[in-house]
Amino acid sequence: MKSKSKFKKLDVKKFVPRASGKDTPPGTVQYVGVPREEKIKIDLIEYDDSDATEYNIERPEQLNKFIPTDKIKWIRVTGVYDVELITRLGELFHINHLELEDISNTTQRPRLEERNNYLFLIFKILLLNPVDKEVSIEQVSLILGENYVLSFHETGSALFDTLRSRILSGKGKVRKMKSDYLAFALADIIIDQYFIVLEDIGDTIEGIESDLIIAPGSANQEAIYRMKRRLVYVARTIWPVRELINEIERSDHPFIHEESRIYFRNIYDHTVQIIETLESLRDLTSSMMDLYLSSVSLKLNEIMKVLTIFSALFIPLTFFAGVYGMNFKYLPELEWKWGYPLFWIFCVVATIFMLLYFRRKRWI
Amino acid sequence: MKSKSKFKKLDVKKFVPRASGKDTPPGTVQYVGVPREEKIKIDLIEYDDSDATEYNIERPEQLNKFIPTDKIKWIRVTGVYDVELITRLGELFHINHLELEDISNTTQRPRLEERNNYLFLIFKILLLNPVDKEVSIEQVSLILGENYVLSFHETGSALFDTLRSRILSGKGKVRKMKSDYLAFALADIIIDQYFIVLEDIGDTIEGIESDLIIAPGSANQEAIYRMKRRLVYVARTIWPVRELINEIERSDHPFIHEESRIYFRNIYDHTVQIIETLESLRDLTSSMMDLYLSSVSLKLNEIMKVLTIFSALFIPLTFFAGVYGMNFKYLPELEWKWGYPLFWIFCVVATIFMLLYFRRKRWI
Amino acid sequence: MKSKSKFKKLDVKKFVPRASGKDTPPGTVQYVGVPREEKIKIDLIEYDDSDATEYNIERPEQLNKFIPTDKIKWIRVTGVYDVELITRLGELFHINHLELEDISNTTQRPRLEERNNYLFLIFKILLLNPVDKEVSIEQVSLILGENYVLSFHETGSALFDTLRSRILSGKGKVRKMKSDYLAFALADIIIDQYFIVLEDIGDTIEGIESDLIIAPGSANQEAIYRMKRRLVYVARTIWPVRELINEIERSDHPFIHEESRIYFRNIYDHTVQIIETLESLRDLTSSMMDLYLSSVSLKLNEIMKVLTIFSALFIPLTFFAGVYGMNFKYLPELEWKWGYPLFWIFCVVATIFMLLYFRRKRWI
Amino acid sequence: MKSKSKFKKLDVKKFVPRASGKDTPPGTVQYVGVPREEKIKIDLIEYDDSDATEYNIERPEQLNKFIPTDKIKWIRVTGVYDVELITRLGELFHINHLELEDISNTTQRPRLEERNNYLFLIFKILLLNPVDKEVSIEQVSLILGENYVLSFHETGSALFDTLRSRILSGKGKVRKMKSDYLAFALADIIIDQYFIVLEDIGDTIEGIESDLIIAPGSANQEAIYRMKRRLVYVARTIWPVRELINEIERSDHPFIHEESRIYFRNIYDHTVQIIETLESLRDLTSSMMDLYLSSVSLKLNEIMKVLTIFSALFIPLTFFAGVYGMNFKYLPELEWKWGYPLFWIFCVVATIFMLLYFRRKRWI
Amino acid sequence: MKSKSKFKKLDVKKFVPRASGKDTPPGTVQYVGVPREEKIKIDLIEYDDSDATEYNIERPEQLNKFIPTDKIKWIRVTGVYDVELITRLGELFHINHLELEDISNTTQRPRLEERNNYLFLIFKILLLNPVDKEVSIEQVSLILGENYVLSFHETGSALFDTLRSRILSGKGKVRKMKSDYLAFALADIIIDQYFIVLEDIGDTIEGIESDLIIAPGSANQEAIYRMKRRLVYVARTIWPVRELINEIERSDHPFIHEESRIYFRNIYDHTVQIIETLESLRDLTSSMMDLYLSSVSLKLNEIMKVLTIFSALFIPLTFFAGVYGMNFKYLPELEWKWGYPLFWIFCVVATIFMLLYFRRKRWI
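Chains as they are written, first to last, in the numbering used here: chain G, 1 to 364; chain Y, 1 to 364; chain F, 1 to 364; chain Z, 1 to 364; chain R, 1 to 364.
Any given hint could be a false lead.
Stated by the list, open to error - Residues from chain Y that face chain G, not an exhaustive set, calculated with beta carbons under 8 Å:
| id | residue |
| --- | --- |
| 1 | D290 |
| 2 | L291 |
| 3 | L300 |
| 4 | K305 |
Note that these hints are calculated values from the structure, not bench results. Here a beta-carbon is modelled for each residue, glycine too, at the ideal position from N, C-alpha and C.
Bound conformation, chain G alone (with noise of 0.2 Å):
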């Protein structure tokens, strides 16, 4: 009972994309997630070979001096609900009202766009509540120019902070670069962390497991296919990532170059092998479902083969016992002097007997 209140309901959202509001035109930036009260954050990290400054910004129109110089900038914008803000935004930046309309609508498929001034990706991250070992996603969208890359994060911008310490403290190659290893540097932190929730259900499957194995019962079957649900909420959102990191890699726009080719291909392979775990965990929780289908037949099997003893011992010679409770006047055996030893001796022989049978049929 208490385990069936633990019973987490299944979050519609999650799986269901939400209608663009059905009576606006097509284009229109709307925020369709929960609407919070939190401001906005832009933080401009601006950098070449040499130099790193990081810098707040209040309002978008205080980047109109940066954009023009030739290092490259990372304006990392936490919040997505702002809508007005989000236009101005991208109207400093020439970025298309789709575009805008998809950042605020967080229930896209993640994808590529690419555009003559920029490339737009959507990604998504998972996020491990690190209470209740829940997966929650977000949606990380960057827009990649040719000198700076626009990141927008729901609330998970934390996860970026290592690459912000890289870059002001020059470690690693990322103030080599252009622009495209920038966005690069993101991805591989988005997909790592796909590794770190898979570790976290390959944990929760051993558990499972382990459980199944010592006691069959209802606390399994409902972490399974809490389990089945939470891989077909996981897989639906990392297997368009393959895709889009494939089209990335594969792709001929002029922001994308050679040398980084390479980097996006190591990811791909990352996606590639995020997939086929996911595949096989699928797999996996699918036979542990059939075990522990089996084990529930395979118990049923012993119980009814308890009652089936005790019953096939008992009711004959109950029977008995009955035969000679009955009035019967004329009822030989009840005079006789031997008669209830000898009744205790058939009540014994019959149960040897009803024992050696089952021997026989391997039930005990």
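Knowing the structure of chain G, use the given hints to seat chains Y, F, Z and R on it.
Frame of chain G; chains Y, F, Z and R shown alone:
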């Protein structure tokens, strides 16, 4: 019992397309749906960048004076049963008889036909009955000419009233674009409608899942089956739409302009997302069926445990009570002073022993 | 029992093609079906735009005078067992011996062969026995020459009588078109016939579903199995027809004219729709099998609940009745004045207690 | 019990190819099958349009005088275990050592290798044991040179005796054609043999199905399992043959002449048909397993109904009989004159009531 | 109980690749396996057609003098944990840091990377523990340069000792060929090892099958589950190897010479065969699970039959015995002289009747 009477019968006509009258030559226009008495309603909206006017058309021939103008014309035809009228209308625009047949035969598969003077698009819309949440399908056929769009609707043309308002009021981009954008705007509404149906299906699945966890029973299995049937039905309708949109996007027909391609690409992504969501939901309902079956098995185990425990506790005791109810003349225990208390002590000890045995087997 | 006797045996010959006599060299004409005594019947319709005449042909050689004319000729051959006659006929039209073998060997797979002087098409028709609703398959082979079509039928040539009337009466387009349109018209009739069979299958499935909801039993499982078998059988027959039609549509053989392509494209869409419908119906029967199995499980649970409730209520009471039926000399309760009423009070209380317990477990 | 002892063990060697001796360098000729003592038998048939002669060859070197002639030579080698002889033979015809290794290693996958001076084809034949109906697999390797075909057989070369007679007697086209037609004739016999095995499998499945309908039992489940195993085994053997034939048909090797392509295309269609039949039969056995499982479940329900009806009828009555067998001093009913008849009336009424209850539940 | 304690826990690490330290920049060399203390062992074999010498290398820099020579060099590195040493070694041969990272990160997916100055190949070997028959996976990375092959092994480099002997003793073709043939020879050993593992898996499956037929029980279901898990695991490892070999065969990199292609094609066929065998074995284990489940169901039916027969035989008789144990004053049968014998006659008749009933139902 009552839950069964609520069970909707399978509407075979939804699944199985009708044969197009086997004794008529191919290319004969005919209406294969349920014949209805309503009159066909024809609305014309003529618009360009600066102006938009709506006309009610009584006879197709009234359209003759509009056809030569350069303005974009949306001719919305509600009702497809008046074969003679459809044929007259089709001849005004030089439409092939095969197409006219398909407009009236509402069991067509969504597809694209490219002709020199027009494109022919067959869509399916999903309509949600607000009362019983049943999904019905209607066919929407579009004929996209150089400067006109003919749209044929069974009954559900009200869905497109928002587009009508947008054109008349000049909101959105539609007034500035060519006829292909008008076709896109119609397709966009159709596909947004799919999202709405998907949301409703998601809600229903959430409800089934909740019920299943709390109390698995015969209502669940029927609900899951009903849901599977509905998903088969909806998936079959939507799958070919993806292909259709893809063909339009890649088409090099002169009526599909380069600047519209991005919009069709956009709704193509939506159809992909819808199909992936549908497949996830099918996976989920299959898992729910597994969960249901294992719940039923587990419940059987519990029932059998109760039966077995009761039987195993009392059947042996009943035998012993029967023994001392026997009427043997020489049955020494009956004469003992402590016979009766000893009998009870034996019963209690045997019961405790059995309970310990069941505890060890983890049955109680 | 009776329902079982109605169960049709699997006709292996339907599923498993026969080996073409392993000791004959390849290319030998032979008839592999059940030999029948009927005479082959040959009908010739010769027509052009202005005129159409029908002839009964006794000997193939009579055709010699018709072959050189420019008129379109439809030679309809009913019966394929007279190998010698088929060979004579084939030689008149310079048909390859491999093709003649395939006409008589009615277990061929639907396919297209392109030769310089003709196209060879093998179709399968589905015939519905109006009495027992069983589906039988017959082979229809077409040879499409420049100005003739040879059609070979096992028995079911009556299906094409509507086409014959249309040609003779001059209805429809067929009189105005080339021989490829005649081949299309034949294919169109064959594919319309698939829709009719599909409708019948749909009706049968609806019936099974209704029965299943009302009273799941052994008849259901056999009906579902029978339906699955029939769907496997029909699907296997229709799948290659899609390919065949597609190949004709894309063929660049000079006998397939550009203006006919649109008609073949049209019936190609029909075959796609038929196959999708078949796949949906297979999904549906699988779901029905699941529903049936879970119904049976659920019913078992209910049976076991009844048994358990009866046993749990009366077995303990029987024990107590047994106790007071014992003949111990010193059994004080027996002497009590209120012993017997107290016993009944105990029984009633115990029963109420048990019923409450079962109510709490939601069994009653 | 007896049925179990008949159960054939899985011959793992059939499924799992052996490793080619890991401590030998690649390209070493070796025989991996069961070593046998029989001598290799070499038959040579040399023929052209006008003449055909058969020779028995003792030593490979005897072939030297035949090699330069223009006549077509079919060298049939029965037995592949004499590695040294195979090597000598191979060197006469300048065959690569890799190929010679594959001739002796009879666990090869069917495939085509094209070399400058020959084509190498590995086929599998299915041999049906006439006694126990078990299917065994043997490898047939062909080397197709400009004017010779070398065929290597494990034991089953008798299958090809019909071809030998046809060549010697001059029946059929083979004498008029090139060596590629000889290879085709061999492949045709191999594939016709598949049809024969398929027919036998079909007959067996028909038998299983009949048994299943009449009396589902443990023999059925083993038969179905055995059939599934056999279908997995046969399908795995035949699948690559399709690919192989397709590659020959499309090959542009000078030894495959244009006029032979039509013959290979013909047997390609046969392999497609065989594979489709196999897949249908697999679907069918899966459905039969489902039917079997549901029959078993249904039977359990019936057994439980019988038990429940008996228990529910007699357990309450037994309690009442027990009540009036109690020895309470004050048990007024016992003194009634009509007590005993009333008891019986009560029993009859209760029984009727229970029977009506079960009738309402549709159990009887 | 005991059988359960033997059940190996799922080693999640086998299934789920680790994230490559999310706070390190991409391209950092690190070792992700279990850190071990063993020293890396480097063996060099330098050979050409006429000569072969083996050297033990202590420090990578010792290799400097060998690099410029024209002889083929096989540098075998056992141990991949000393990141610093791997880096030094990599720099000698101008290997990209991304590759060096992947050598140490042993959870890589098998794949091919082509660079200008080398090809990088990641393989997986399957090692069979001779004691518990568990399969473990190790990574083997090859770097194929113009005249050298670097092979990196976790621990299992002993597998390749036969190749070492063959080179040193001059057996086989390897001494006469280029470095690509050496890479082939290594791959050939890896793939032959797969066959050995497959054979062992086949033997285990045969064992499970035998057990399953004789006595289906809880050990079977766990064994089948374990086998399924192992097959998922092995299949996931081998699948990408097929792709890898295929890519090498089709590669036009100058280091892959035309004459080696035939060898890679040969082992490509082997990987295809391995994968097909694995898929067959997976089909087979699924069928075995079905067989197991149906055996369990059937056994339950038999248990229930026994219970039902016992209950149905004795419960009614017990009732009758109870009736004549009642103490009604007026119970005429008790006074009859033949009452008691008649009772027994009734019992025997009732029993015979019941037995006939069960016989008719085919229960006994």
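Cross-check of the supplied hints:
Annotation: interface hint on D290/Y holds; nearest CB of chain G at approximately 6 Å, less than 8 Å. A hinted interface residue such as L291/Y counts as satisfied when its beta carbon comes closer than 8 Å to some beta carbon of chain G; here the least separation is about 5 Å, so the hint holds. With a cut of 8 Å, the hint placing L300/Y at the interface with chain G holds, because the nearest CB-to-CB distance is about 6 Å. The interface hint given for K305/Y holds, since its Cβ lies 6 Å from the closest Cβ of chain G, which is under the 8 Å cut-off.
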